[in-house]
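Let the sequences and hints guide you as you build the complete structure.
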Amino acid sequence: GNSVTQMEGPVTLSEEAFLTINCTYTATGYPSLFWYVQYPGEGLQLLLKATKADDKGSNKGFEATYRKETTSFHLEKGSVQVSDSAVYFCALSDQAGTALIFGKGTTLSVSS
Amino acid sequence: KAGVTQTPRYLIKTRGQQVTLSCSPISGHRSVSWYQQTPGQGLQFLFEYFSETQRNKGNFPGRFSGRQFSNSRSEMNVSTLELGDSALYLCASKGQGAKDTEAFFGQGTRLTVV
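Heads up: the protein sequence lines correspond to chains G and V, in order.
Oh and the first sequence: position 8 is -7 in the numbering used here, straight run, nothing missing.
Converting from the second sequence to the numbering used here requires adding 247 to each position, the first position being numbered 1.
Please keep in mind that the hints were generated in silico from the structure rather than gathered at the bench.
One thing to keep in mind: the hints can contain errors.
[To be verified] Capping the alpha-carbon separation at 30 Å, the derived lysine-lysine pairs in BS3-like fashion look like this:
id, chain 1, residue 1, chain 2, residue 2
1, G, Lys45, G, Lys62
2, V, Lys304, G, Lys53
3, G, Lys89, V, Lys304
4, G, Lys37, V, Lys304
Since we're looking at a predicted model, the values are computed, not measured.
Structure (structure tokens):
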């Protein structure tokens, strides 16, 4: 069945450091891929998405490229800020678009 | 535009009791889905409703059930509560569209079973 594996956290970085959070997936067909972010005490917010191979999703300085050959969707940001501290979830949409399958989440902590 | 509203925000229940959680989607959204979030299992899909019909269901026991009303508001019910049901329950709504349509999440209901 479909599944998502993302790197275990926590990830601790200094402000302005480069961020990579790895995400790989197993799926039948061609799922849409997402990164969601959860700030403390809040629900999830969509950060970015990609719908087909080689698509690049980007938002707020974050980027991720849909790599079909490596079944990956790694999240990157060139210079993190303290305000980026949150839990990041990689997810894919099932074929019907009725369910999201999430990775376990990666906690990012950025210090000034 | 109001977001997804979940009530109540916090609940404490005793083992064996039942509980009902409520979710009001964004106006115009007809798809509502539910997720359970726990530290051990992460985010797991419970079920999805569209126009009062359950279209998809995750791998949860029959104690977990849901329904959707004609105004798209949804409720989920958990009967015979177990300690392991303690979790954050998140509701998400989507507008009609392709599988990459954004799901908007509520802040969740924190359920504690004692």
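Pair hint outcome, lysine 37(G) versus lysine 304(V) [Cα-Cα no greater than 30 Å]: holds, 25 Å
Hinted pair lysine 304(V) and lysine 53(G), Cα distance within 30 Å: Holds, at roughly 27 Å.
Please work out if lysine 89(G) and lysine 304(V) have their alpha carbons no farther apart than 30 Å. This hinted pair holds, its Cα atoms lying about 20 Å apart.
Please verify whether lysine 45(G) and lysine 62(G) have alpha carbons no more than 30 Å apart. The hint holds at about 9 Å.
Comparing the model with each earlier hint shows no violations; every hint is respected.
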